[in-house]
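Number 63 in our numbering belongs to position 42 of the sequence shown; there are no gaps in the numbering.
Wrong hints could be hidden among the right ones.
To be verified - No more than 27 Å apart at the CA atoms, straight line, and that leaves these computed lysine-lysine pairs for BS3-like: (1) Lys-149 x Lys-78; (2) Lys-153 x Lys-116; (3) Lys-85 x Lys-116; (4) Lys-85 x Lys-153; (5) Lys-153 x Lys-78; (6) Lys-78 x Lys-116.
No lab work stands behind these hints, which were simulated from the structure alone.
In this text, all values refer to a predicted model and were calculated from it rather than measured experimentally.
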Amino acid sequence: MSELARKMKELVERRRDFPFESRELLEKTAYALGYDRPLIVRCYDTRLDPIFDAFFKENGWSHKDVISLPGGARALASRDPADAAARQAIFEAIKTGIAVHEAKWILLTIHFDCRGYGITFPSNEAEKERQKLDIAEAVRFVRTNLPAEFFVEGRFVDEHGIHPV
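Given only the sequences and the hints, what does the whole structure look like? Please build it.
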């Protein structure tokens, strides 16, 4: 890893609200580090398309890999044996995105009002809190199973946008 790559990795690790404010800094270093080619795990709910489209446009991403499935990153957080096959399939798809397109930024998302959970929550707050815990667990799972050079981030999606957790 080059000195520039090491410095950028250090900066990325300190800043959990990536991407950077400085578009110039991002453009100069992102390609070398693989951060201009994110791999996104999201729910396949089409209600989210305008939100993701705006997010991609805002960040200037023309190249991205998207893994879309019911519940988004939910299965990565689950310890239920019924989700083991989905968890493994998502992780294999992540590894393929890394190998084929050299993605270094893995963005895991779960969204509000997701029917992929298959349960009814007692309140909106209970749902949001559970989903934020699931995002954190999904991030831990992926970080534990990938080398440290990969930036793995969890984000919560609602009607207002895509938010760091």
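So which of those numbered hints doesn't the model satisfy? none
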